[in-house]
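Just so you know, the sequences run in chain order A and P.
All residue numbers for the first sequence refer to my numbering, where the first residue is 401 and numbers rise by one.
All residue numbers for the second sequence refer to my numbering, where the first residue is 83 and numbers rise by one.
Source of the hints: derived by calculation from the structure; they are not laboratory data.
Quick caveat: nothing in here was measured; it's all calculated off a predicted structure.
Do not take every clue at face value.
Claimed, not checked - Straight line, CA to CA, 27 Å or less: simulated DSS-like cross-link-like pairs of lysine-lysine: (1) P:K365 x A:K550; (2) P:K380 x P:K363; (3) P:K365 x P:K380; (4) P:K363 x A:K550; (5) A:K550 x A:K495; (6) P:K253 x P:K277.
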Amino acid sequence: MKRLLLAFALWLPALACAGTLQPLTAADVPALLQPPAHGARIVALWSLDCAYCEPNLEALARLQRANPHGVELVTVTTDSIALRAAIEARLRSMKMDGYPARAYAEASPERLNFLLDPDWGGETPRVLVIRADGSRRGLSGALTPAQLHKLLP
Amino acid sequence: MRCLLITLLCLLPLVASAHDGMRMEMPKGPELGASAAFDSHGRLYVVDAADGHVRLRHSDDDGRTLSAPVEVNATAERIYAEGENRPKIAFGPHDELYVSWSQPRAAPWTGFVRFARSPDRGEHFSEPLTVHHDRAEITHRFDALAVDGNGRIVVAWIDKRDLLATEARGKPYLGAAIYYSWSDDGGASFVPERKLIDQSCECCRIALARMPDGEVAAFFRGIYGDNIRDHAYAVLRADGRTSQVARATFSDWQIAGCPHHGPGLAIGADGIRHAVWYEAKGKPTIWYGQLDPGHAPKHPLAIAGAGAGHADVAVHGQTVWLAWNQVNADGYALMLRRSTDNGAHFDTPREIAHSSGAVGSPQLLLKQGRAFVAWNTAAGFRLVEVPR
């Protein structure tokens, strides 16, 4: 019973975190853009109103699953976190709810765009690749297999 | 121990319930999508959306004070009021007031184009009607509204019926299509819509402008080849003739995505087509140019770069104004450039207003040769007169 309880207690926070949408404010941006300890962090920007975003997210998830130790994947929707229910539903339907997920929580979304990537005009999907060596790259549009391959550390 | 387990088990539904009861909602970001226009008496009208109503306000002192709002649609409905997909306003030859908007339907990316009219300067509005005859629950959104020289009301929008029909046959189809319709009876009814072109961009506003001969021209983002998102130009024929569509920008920006960034168009009395558009083949850039459909634009000028967005253009005589939003880490600047030689040269960019909160797309308006920028900000609607 004790072991079962321990397992259950350990599993509960995991259940609570996976798919729990977190807000992204201007103050959170520096931490999100901090280089990872190793490999690469992929920040996948998407929006509810972007039909190209779904296949792009799914392709990034496949890439991450194939490289679980080298690639950290975070999804960020440019839609307001006030749309939590719709965003979480879409993340679930895309089977993306297992990844850390953020949603804009800033009154001026374009300002957040600018802080995340000054060379980004707000088009979606947008992928930011942040590598352990501190280098950073932004790519717009659904990525081709060749572009996806180049994301690998 | 058992108690703790029971407590944990009780907590479980709470955790799980956070994922239940999902329903599709509209983006509720700052809904600052608004449009403004002067009528022939110089009264300013503004339309935006609040609580399921398109609301109309007016000002007789160039925007310093606004009237109490009038509800355009008496019965509340859902309304798109984002930057690129905002309610529109236009006037008939005798100041009849016309309003259009896009109404979200239940499924994502769907909508109906709606229209209402007022014969008495906004005191009363007709029951809204749906402009298109097609009633499929698909995209008919991003409406654009204009009145031609004969008083015809022209509405164009982005439509996905051909995408769905083509995909149902197992064939690929990039983007959406542009459809348009018009009303010959002052907005009581609209003729069955016709397709202007296949394979337009899905989420960029359509710019409409009246030509010197009174016809209405459209400038919009299309798709060329493998997701090259350049722009097209066409005169929207309302006389049975076929509209000829020609590619009008040649930036070769390739993106399998949503630019969320439509162009602007203003046509001078001399017929020169002054245009602004956005592309990010290299760095993000807003361009000015004079359209020469079928060929590259004349007098191209990169007017703004990173952080600049949603430009508009206006022309009066030899003066051309360009306005756009410039975002930076502190908020937004409303930027302006002016040419006094019909677009051959522009002065240096200058900031004419600032907002620390969110803003909608700027819209250049003219009144007796004076230029104003309608700028909807989180702190309220502003009409900024352009310094002479």
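How the hints compare with the structure:
1. P:K365 x A:K550: 20 Å, holds
2. P:K380 x P:K363: 19 Å, holds
3. P:K365 x P:K380: Holds, at roughly 21 Å.
4. P:K363 x A:K550: 19 Å, holds
5. A:K550 x A:K495: 24 Å, holds
6. P:K253 x P:K277: 19 Å, holds
Consistency note: the structure conflicts with none of the earlier hints.
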